[in-house]
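Sequence lines, in order, name chains A and B.
The first sequence lines up with residues 1 to 107 when you count with this note's numbering.
The second sequence lines up with residues 1 to 116 when you count with this note's numbering.
In short, the hints are calculated from the structure, not lab data.
It cannot be assumed that every hint is accurate.
[To be verified] SDA-like, lysine to any residue: derived pairs with alpha carbons at most 25 Å apart: (1) B:Lys41 with B:Asp98; (2) B:Lys41 with A:Thr66; (3) A:Lys54 with A:Asp10; (4) A:Lys94 with B:Lys14; (5) A:Lys94 with B:Asp98; (6) A:Lys94 with B:Thr17; (7) B:Lys41 with A:Asp81; (8) B:Lys55 with B:Lys41; (9) B:Lys55 with B:Pro40; (10) A:Lys94 with A:Ile12; (11) B:Lys20 with B:Ser43; (12) B:Lys66 with B:Asp98; (13) A:Lys94 with B:Asp65; (14) B:Lys64 with A:Ile12; (15) A:Lys54 with B:Val3; (16) A:Lys54 with B:Ser89; (17) B:Lys66 with B:Val11; (18) B:Lys41 with A:Leu71; (19) B:Lys41 with A:Lys54; (20) B:Lys41 with A:Ile44; (21) A:Lys94 with A:Gln3; (22) B:Lys55 with B:Ser90; (23) B:Lys41 with A:Gln42; (24) B:Lys41 with B:Ser54; (25) A:Lys94 with B:Phe39; (26) B:Lys41 with A:Ser51; (27) B:Lys20 with B:Phe67; (28) B:Lys55 with B:Lys66; (29) B:Lys55 with A:Asp81; (30) B:Lys64 with B:Ala2.
[To be verified] Beyond 12 Å from chain A on every Cβ pair, some chain B residues (computed): (31) Val11; (32) Ile12; (33) Phe34; (34) Lys41; (35) Leu46; (36) Glu63; (37) Asp65; (38) Thr82; (39) Pro86; (40) Ser95.
Glycine is no exception: its CB is placed at the ideal position from the N, C-alpha and C atoms.
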Amino acid sequence: GIQVEQSPPDLILQEGANSTLRCNFSDSVNNLQWFHQNPWGQLINLFYIPSGTKQNGRLSATTVATERYSLLYISSSQTTDSGVYFCAGIGAQKLVFGQGTRLTINP
Amino acid sequence: GAVVSQHPSWVICKSGTSVKIECRSLDFQATTMFWYRQFPKQSLMLMATSNEGSKATYEQGVEKDKFLINHASLTLSTLTVTSAHPEDSSFYICSATDHRAPPVAFFGQGTRLTVV
């Protein structure tokens with residue numbers, strides 16, 4: 001079946017630091033998405049990234065499909081970046097989430 | 001990006017009653033929709049995959065008679081929690097995939113269900 005694992009589970013940083021979040025996924029995953037869940041529960045699409053690298057402002061993501069992992073980078077973190085970040089793998093007509101990384105950016 | 005609308009955003013119901021949650025894709029057709037359940041400080045657990053015009057596929061451990069899913073059109077899927085009990089209280093969220101290209105999943109705003 002589909003397996004998606006995220007690390008670390010929790011990450012606490014000071015404002016201005018850079019963050020790296022990791023997502024490992026099983027062979028049955030064809031595509032990968034990164035999300036940020038806001039305090040009200042809404043899932044915000046960050047990246048659809050089955051392979052390669054994409055950037056959007058201070059955020060970027062890289063997926064190395066052959067090695068079954070993806071990384072989400074947040075540069076110059078701000079307090080508003082705090083929240084839970086999920087990666088989700090798509091395969092066998094399912095979208096399965098990892099356990100998430102809870103990011104806390106302190107001022 | 002595409003818009004998925006979920007309604008209601010929150011609902012409080014009495015034990016033993018049924019609650020219906022709607023999930024609509026507003027500007028695209030979604031042949032497949034997913035329903036998830038999320039407990040506090042946990043991840044999203046896939047409950048079922050809803051395909052337009054056919055029966056939903058439920059994940060192991062999810063009671064199909066308790067969580068009724070209907071996907072009657074390409075833009076609407078509903079989840080009905082039947083005979084709700086306090087342990088059904090949770091955050092329910094739906095997802096629809098825009099298959100035009102690429103196959104990106106978009107999410108509704110979620111429904112917070114409280115059963116008293």
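Compare the structure with the hints numbered earlier in the document and write down the numbers of the violated ones, lowest to highest. Checked against the structure, the hints that fail are numbers 1, 2, 4, 6, 8, 9, 10, 12, 14, 16, 19, 24, 26, 29, 30, 33, 34, 35 and 40, while the rest are satisfied.
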